[in-house]
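Peer 1: So the chains spell out like this:
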Amino acid sequence: MAYQPPKDPQEIPVEEVSCGLLIIGGGNAGCFAAVEARKLSPEMDIVIMEKAHISRSGATAAGMDAINTYIPPGKTPEDLVRWSRSQVGGGPIREDLALTNAQELNQAVDDLEDWGLPIVRDDEGNIKYRGGWDISIRGEALKPIMAEKAIETGARVYNRVVATNLLMDGEKCVGAMGFGLRDGKFYVFRAKATIVATGGACGLYKSYTADSTTSHHQTWMCPFNVGTGYAMGIRQGAEMTSMEQRWVATRTKDFCGPVDTISVGYRSAMINGRGEKILEKHYAHLGGDKAPRYIRANAPMDEWLAGRGPTFVDTTHLSDEEAKELKIDYLCERPSFVLFLASRNHDVTKEPIEIYGSDPYIVGGHTQSGYWVDVERMTTIPGLFAAGETAGGNPNKFVGGCAAEGKLATRGALKYMQAVTLPPLDQARMKAQIEAEKARVFSPLMKGAEFDGVSPVEMEERMQRLMDEYAGGTSQFYRTNEERLDYALRHLAMLKSQIGLLHAGDLHGLMLAHEVIDRLDVAEVLCHHLKHRRETRWPGWQTRSDFPEADPALDCFVETVRDPLTGEIKSFTRPYEQVVPGDRFKPTLDGKF
Amino acid sequence: MPPKVDLNKCDGCQAQDEPLCEQVCPGNLMTLGENAKAYCRELRDCWDCMSCTKVCPKGAIDTRVPYQLGYHGASLTPMMGTNSVTWTCVDLNGNVERFRVKTRGRYGE
Numbered sequence: 001m002a003y004q005p006p007k008d009p010q011e012i013p014v015e016e017v018s019c020g021l022l023i024i025g026g027g028n029a030g031c032f033a034a035v036e037a038r039k040l041s042p043e044m045d046i047v048i049m050e051k052a053h054i055s056r057s058g059a060t061a062a063g064m065d066a067i068n069t070y071i072p073p074g075k076t077p078e079d080l081v082r083w084s085r086s087q088v089g090g091g092p093i094r095e096d097l098a099l100t101n102a103q104e105l106n107q108a109v110d111d112l113e114d115w116g117l118p119i120v121r122d123d124e125g126n127i128k129y130r131g132g133w134d135i136s137i138r139g140e141a142l143k144p145i146m147a148e149k150a151i152e153t154g155a156r157v158y159n160r161v162v163a164t165n166l167l168m169d170g171e172k173c174v175g176a177m178g179f180g181l182r183d184g185k186f187y188v189f190r191a192k193a194t195i196v197a198t199g200g201a202c203g204l205y206k207s208y209t210a211d212s213t214t215s216h217h218q219t220w221m222c223p224f225n226v227g228t229g230y231a232m233g234i235r236q237g238a239e240m241t242s243m244e245q246r247w248v249a250t251r252t253k254d255f256c257g258p259v260d261t262i263s264v265g266y267r268s269a270m271i272n273g274r275g276e277k278i279l280e281k282h283y284a285h286l287g288g289d290k291a292p293r294y295i296r297a298n299a300p301m302d303e304w305l306a307g308r309g310p311t312f313v314d315t316t317h318l319s320d321e322e323a324k325e326l327k328i329d330y331l332c333e334r335p336s337f338v339l340f341l342a343s344r345n346h347d348v349t350k351e352p353i354e355i356y357g358s359d360p361y362i363v364g365g366h367t368q369s370g371y372w373v374d375v376e377r378m379t380t381i382p383g384l385f386a387a388g389e390t391a392g393g394n395p396n397k398f399v400g401g402c403a404a405e406g407k408l409a410t411r412g413a414l415k416y417m418q419a420v421t422l423p424p425l426d427q428a429r430m431k432a433q434i435e436a437e438k439a440r441v442f443s444p445l446m447k448g449a450e451f452d453g454v455s456p457v458e459m460e461e462r463m464q465r466l467m468d469e470y471a472g473g474t475s476q477f478y479r480t481n482e483e484r485l486d487y488a489l490r491h492l493a494m495l496k497s498q499i500g501l502l503h504a505g506d507l508h509g510l511m512l513a514h515e516v517i518d519r520l521d522v523a524e525v526l527c528h529h530l531k532h533r534r535e536t537r538w539p540g541w542q543t544r545s546d547f548p549e550a551d552p553a554l555d556c557f558v559e560t561v562r563d564p565l566t567g568e569i570k571s572f573t574r575p576y577e578q579v580v581p582g583d584r585f586k587p588t589l590d591g592k593f
Numbered sequence: 001m002p003p004k005v006d007l008n009k010c011d012g013c014q015a016q017d018e019p020l021c022e023q024v025c026p027g028n029l030m031t032l033g034e035n036a037k038a039y040c041r042e043l044r045d046c047w048d049c050m051s052c053t054k055v056c057p058k059g060a061i062d063t064r065v066p067y068q069l070g071y072h073g074a075s076l077t078p079m080m081g082t083n084s085v086t087w088t089c090v091d092l093n094g095n096v097e098r099f100r101v102k103t104r105g106r107y108g109e
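Chains as they are written, first to last, in my numbering: chain A, 1 to 593; chain B, 1 to 109.
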């Protein structure tokens, strides 16, 4: 039977759930947060709110072929911080966060192996390193393995519940609200402490394959991670950090798949159309093949810009056996890349693999965009903790680091909640908040069949092209300037003024409507960050064509806070503090790359 | 890379509340049609993670490369075991490659 949208908010059933710890997002960080909570507190009432189904949700749905950081024998957590810092051009990074994370990292990866994740080992049984810090895994089942452990804790998992806003008690976060994608209910989760672990934001920018293909979502980052976790905090006035440090990566062309697998794992150099080794020729002074990540990401696009494209990773030296191993790696992370090669009769031992820049993402597990958190991983909103891609200031976390951070956030949350008493939901001000959110959430469903409005897809595509052309997307080789950012902000404001025109015919459409609403809030904050950084610190990740050099005065964090009442966004800076000694631009104490 | 459902093989997971592909799809894209067969509600929105293809007990879901990106006729088919998956890949010329990949348990054991 066709879905009948509700005609009146009073028809919508409300489900109230109270718990100790609420985890929004049952992904990499969220699953580890749940396991840690059970370990520390046998009595803890844990709830996981999950937009998809926990067994195959989010960024690791397709699997994973490597864990990019695992501290090898002879190296220390401080060494990892030095490497991470150098990968982002000397930072600034939050070294307090990076160090505490590094100290937890190996245990989290060991947990994964104990839970059944195959980690590739050599004939002697030692973990095999792919590069300096990264290890290969057979991670097809990474997500279900983590999900099973989270479920084993006895946590109540609410699958297919879309989070829409935080539940606030004055300045404090006391849970979250959302709607059921299957049952159409309005959910109110009341919690002593909340961890937001919803992943990053994909789809703020247009993907270059999005035009006239049946593949709008040919993106590297999971397109169902839309930045809801950031948006919910932004709307309540949480301080965000480093949003301008976007993650842009070199990816396989026409199929936005990982490239480290090939370049690091199989020592395949990036080459341009003339066959020149790009990093060796132009970036030897920055470490060549070991140059910082943003250099490696931007270099192929600079070749295109200079008229030396196309660009490739040269796989033609691989033996048939190595080519097969390479495909196995992809089958563990993005299996459809192997299908893509077959659909072009592409023999990688004879032809190199073409590469190009990805669309930009906001992903605090890779670069460092996200919530400003304290060392307990609490955001500037009391009661709200962040872990994984949502927590800012600490780049290069990847799978292992996000897992470790899930544990750290739980420890912080458990300490915090000892002093918390929750307001009853039938209190007048709580009731008013809940009713207002319910009306906001379901509004796109209640417009009626004759309504002359805007579909979520129309608004999303307008926003994505706007961001691509004006806020430094792929088509513009990631460059932007003051005038373009002002233009982007003007049009984002116009889009936001038309949110009331969004309409949806069913609950799936309602989810799409809230996804574009959330993306608009993140995009707006992102533009303010890009505006504040009147310099170019990480070319590609952040390129200002009107300020092409780095400015020593901006060797600090750029922050924003949005006023929840007026919507006004203020940007400011916070100083960098070096905790781990050494040359910030070098990955090791002896200065070697 | 949209999933294509073979209507002869799909049985809608019989009387389950939701077929398995609908349960797992991270984008909420797979659902049941009025013919009680699964379909992808919005082809453009698929991320090609292949979760539906892997979980289908009938092997009814084929992952396709959009023609604008790759040519017609290649296939990649997983056969899921308890601790491993066996992939069969066929290119445009009909060349077959097979890969057996461990999914669970200690490596080398």
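The set of hints was computed from the structure by calculation and includes no laboratory data. A few of these clues could be false.
[Claimed, not checked] Straight line, CA to CA, 20 angstroms or less: simulated DMTMM-like cross-link-like pairs of lysine to aspartate or glutamate:
(1) A:Lys350 / B:Glu97
(2) A:Lys39 / A:Glu124
(3) A:Lys290 / A:Asp590
(4) A:Lys128 / A:Asp114
(5) A:Lys324 / B:Glu97
(6) A:Lys7 / A:Asp506
(7) A:Lys438 / A:Asp8
(8) A:Lys496 / A:Asp555
(9) A:Lys185 / B:Glu109
(10) A:Lys438 / A:Glu16
(11) A:Lys185 / B:Asp17
(12) A:Lys415 / A:Glu43
(13) A:Lys128 / A:Asp79
(14) A:Lys128 / B:Asp17
(15) A:Lys415 / A:Asp374
[As the list claims (entries may be wrong)] Beta-carbon label-pair distances, calculated as ranges:
(16) A:Pro564 / B:Gly105: 46 to 52 angstroms
(17) A:Gly131 / B:Thr88: 27 to 33 angstroms
(18) A:Asp123 / B:Glu34: 55 to 61 angstroms
(19) B:Glu34 / A:Glu276: 46 to 52 angstroms
(20) B:Leu92 / A:Val457: 30 to 36 angstroms
(21) B:Lys9 / A:Gly567: 36 to 42 angstroms
(22) B:Lys58 / A:Leu554: 56 to 62 angstroms
(23) A:Lys7 / B:Glu34: 19 to 25 angstroms
(24) A:Gly131 / B:Glu34: 47 to 53 angstroms
[What the hints assert, rightly or not] Going by beta-carbon spacing under 7 angstroms, a handful of chain B positions derived as facing chain A:
(25) Val24
(26) Gly27
(27) Gln68
(28) Leu76
(29) Leu92
(30) Lys102
(31) Thr103
Just so you know, even glycine gets a beta-carbon here, dropped at the ideal spot from N, CA and C.
Peer 1: None of the hints should be skipped; say for each whether it holds.
Peer 2: Results for each hint:
Between Lys350 of chain A and Glu97 of chain B the CA atoms are separated by roughly 17 angstroms; this keeps the pair inside 20 angstroms, and the hint holds. A threshold of 20 angstroms between alpha carbons decides the hint, and for Lys39 of chain A with Glu124 of chain A the separation of about 33 angstroms lies outside it, so the pair is violated. Of the supplied pair hints, the one linking Lys290 of chain A and Asp590 of chain A holds, its CA atoms being roughly 16 angstroms apart against a limit of 20 angstroms. With a CA separation close to 17 angstroms, the supplied pair Lys128 of chain A and Asp114 of chain A stays within the 20 angstroms bound.
At roughly 9 angstroms between alpha-carbon atoms, Lys324 of chain A and Glu97 of chain B fall within 20 angstroms of each other, so this suggested pair holds. This hinted pair checks out: Lys7 of chain A and Asp506 of chain A have alpha carbons roughly 12 angstroms apart, not beyond 20 angstroms. The straight-line distance between the Cα atoms of Lys438 of chain A and Asp8 of chain A is roughly 11 angstroms, inside the 20 angstroms bound, and the hint therefore holds. Using a Cα cut-off of 20 angstroms, the hinted pair Lys496 of chain A and Asp555 of chain A is violated, with the two alpha carbons roughly 33 angstroms apart.
Straight-line distance between C-alpha atoms of Lys185 of chain A and Glu109 of chain B comes to about 47 angstroms, which puts the hinted pair past the 20 angstroms bound. Only pairs whose Cα atoms come within 20 angstroms are accepted, and Lys438 of chain A paired with Glu16 of chain A is accepted, the gap being roughly 13 angstroms. Distance hint between Lys185 of chain A and Asp17 of chain B is fulfilled; the C-alpha atoms sit about 17 angstroms from each other, no more than 20 angstroms. Between Lys415 of chain A and Glu43 of chain A, the direct Cα distance comes to roughly 15 angstroms. Compliance with the 20 angstroms bound is thereby established for this hinted pair.
As the CA atoms of Lys128 of chain A and Asp79 of chain A are separated by approximately 19 angstroms, the hinted pair is consistent with the 20 angstroms bound. Distance hint between Lys128 of chain A and Asp17 of chain B is unfulfilled; the C-alpha atoms sit about 44 angstroms from each other, more than 20 angstroms. At most 20 angstroms may separate the alpha-carbon atoms for a hinted pair to count; Lys415 of chain A and Asp374 of chain A meet this at roughly 13 angstroms. Look at Pro564 of chain A against Gly105 of chain B: about 50 angstroms separates their beta carbons, and that is inside 46 to 52 angstroms.
Remark: the range hint 27 to 33 angstroms for Gly131 of chain A to Thr88 of chain B is upheld by a beta-carbon distance near 31 angstroms. Judged by the Cβ atoms, the range 55 to 61 angstroms given for Asp123 of chain A and Glu34 of chain B holds: they are separated by roughly 56 angstroms. Judged by the Cβ atoms, the range 46 to 52 angstroms given for Glu34 of chain B and Glu276 of chain A is violated: they are separated by roughly 58 angstroms. Against the hinted window of 30 to 36 angstroms, the Cβ-Cβ separation of Leu92 of chain B and Val457 of chain A comes to about 32 angstroms, which satisfies the hint.
Our hint of 36 to 42 angstroms for Lys9 of chain B and Gly567 of chain A is violated, since their Cβ atoms are close to 52 angstroms apart. Between Lys58 of chain B and Leu554 of chain A the beta carbon distance is about 58 angstroms. The supplied range of 56 to 62 angstroms therefore holds. Here the CB-CB span from Lys7 of chain A to Glu34 of chain B is close to 24 angstroms, well matched to the stated 19 to 25 angstroms. Look at Gly131 of chain A against Glu34 of chain B: about 52 angstroms separates their beta carbons, and that is inside 47 to 53 angstroms.
Residue-level restraint check for Val24 of chain B holds (minimum Cβ-Cβ distance to chain A is 4 angstroms; threshold 7 angstroms). With 7 angstroms as the threshold, the beta carbon of Gly27 of chain B comes within range of chain A, its nearest partner Cβ sitting at about 5 angstroms, so the hint holds. Given hint, Gln68 of chain B at the interface with chain A, holds; its Cβ is 4 angstroms from that chain's nearest Cβ, closer than 7 angstroms. A least Cβ separation of about 4 angstroms between Leu76 of chain B and chain A falls short of the 7 angstroms threshold, and the interface hint therefore holds.
About 5 angstroms separates the beta-carbon of Leu92 of chain B from the nearest beta-carbon of chain A, less than 7 angstroms, and the hint is met. Restraint check, Lys102 of chain B versus chain A: the minimum CB separation of about 5 angstroms is within 7 angstroms; hint holds. Restraint check, Thr103 of chain B versus chain A: the minimum CB separation of about 4 angstroms is within 7 angstroms; hint holds.
Figure legend: structure checked against the earlier numbered hints; hints not met, in rising order: 2, 8, 9, 14, 19 and 21.
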